[in-house]
Amino acid sequence: ELKVEQNPLFLSMQEGKNYTIYCNYSTTSDRLYWYRQDPGKSLESLFVLLSNGAVKQEGRLMASLDTKARLSTLHITAAVHDLSATYFCAVDMTNTGNQFYFGTGTSLTVIP
Amino acid sequence: SAVISQKPSRDICQRGTSLTIQCQVDSQVTMMFWYRQQPGQSLTLIATANQGSEATYESGFVIDKFPISRPNLTFSTLTVSNMSPEDSSIYLCSVGGMNTEAFFGQGTRLTVV
Numbered sequence: 001e002l003k004v005e006q007n008p009l010f011l012s013m014q015e016g017k018n019y020t021i022y023c024n025y026s027t028t029s030d031r032l033y034w035y036r037q038d039p040g041k042s043l044e045s046l047f048v049l050l051s052n053g054a055v056k057q058e059g060r061l062m063a064s065l066d067t068k069a070r071l072s073t074l075h076i077t078a079a080v081h082d083l084s085a086t087y088f089c090a091v092d093m094t095n096t097g098n099q100f101y102f103g104t105g106t107s108l109t110v111i112p
Numbered sequence: 113s114a115v116i117s118q119k120p121s122r123d124i125c126q127r128g129t130s131l132t133i134q135c136q137v138d139s140q141v142t143m144m145f146w147y148r149q150q151p152g153q154s155l156t157l158i159a160t161a162n163q164g165s166e167a168t169y170e171s172g173f174v175i176d177k178f179p180i181s182r183p184n185l186t187f188s189t190l191t192v193s194n195m196s197p198e199d200s201s202i203y204l205c206s207v208g209g210m211n212t213e214a215f216f217g218q219g220t221r222l223t224v225v
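Residue numbers (this note's numbering), protein chains in the order written: chain A, 1 to 112; chain B, 113 to 225.
Misleading hints may appear alongside valid ones.
Non-contacting residues of chain A with respect to chain B, defined by C-beta distances greater than 10 Å in every case (computed) [stated by the list, open to error]:
#, residue
1, Q14
2, S26
3, S29
4, K41
5, S42
6, L43
7, S45
8, V48
9, D82
10, Q99
11, T104
12, G105
Below are the BS3-like pairs computed for lysine-lysine, each with C-alpha atoms no more than 27 Å apart in a straight line [what the hints assert, rightly or not]:
#, chain 1, residue 1, chain 2, residue 2
13, A, K3, A, K68
14, B, K119, A, K41
15, A, K3, A, K56
16, A, K56, A, K41
17, B, K119, B, K177
18, B, K119, A, K3
19, A, K41, A, K3
20, A, K68, A, K41
21, A, K41, B, K177
Derived by calculation from the structure, the hints in this document are not laboratory data. Using N, Cα and C, we set each Cβ at its ideal position, and we do this for glycine too.
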């Protein structure tokens, strides 16, 4: 059974600080996605990582993928309050695309 | 990108009844997916809906409880049957393609009383 684990589950950080969220998965895959969910809202796509060593950056967020270690990271640089949300990683286990197994989620609160 | 419309956005239902959730996409897609998000939890894949064939269900989900229709390439429905309070969740449909991001509907927030 595929497991996708994130840590931490809850993260409270001050504005301006840096932090990394980790996503570990238990089986082979080279397609990993990061999503953001605001309270009461649907999911917003952040990053699509499609190969070993992939690194993508958007604003204060940077995601990377190490398929050999079965690990993805989401790094937050100089956090701001607007980044407060829940972040999910999702592993795509199929060759047909987008049949996702989601991580446990990381609830991020950025404190002014 | 794809625009996905789900109906209803929320509902409160009596236990023992059924609710059908509709998902409409603004373009033709081969595969559509249904997820459940229980309160405070992550998302769990319920099933994959393919046009012209039976849906494929994940472990722990059965057709009798969650029948799915996929009559064409832009539309799907998920029915939550014989509901109990444990079915209270957000149900989301999703579409996507190979090596692209997946797009999610806004979700249907179901409360069973």
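Right, here's what the structure says about each hint:
no., hint, result
1, Q14, "holds, 24 Å"
2, S26, "holds, 15 Å"
3, S29, "holds, 12 Å"
4, K41, "violated, 8 Å"
5, S42, "violated, 5 Å"
6, L43, "violated, 5 Å"
7, S45, "violated, 4 Å"
8, V48, "violated, 5 Å"
9, D82, "holds, 21 Å"
10, Q99, "violated, 6 Å"
11, T104, "violated, 5 Å"
12, G105, "violated, 5 Å"
13, K3/A - K68/A, "holds, 16 Å"
14, K119/B - K41/A, "holds, 15 Å"
15, K3/A - K56/A, "holds, 24 Å"
16, K56/A - K41/A, "holds, 24 Å"
17, K119/B - K177/B, "holds, 19 Å"
18, K119/B - K3/A, "violated, 31 Å"
19, K41/A - K3/A, "holds, 25 Å"
20, K68/A - K41/A, "violated, 33 Å"
21, K41/A - K177/B, "holds, 26 Å"
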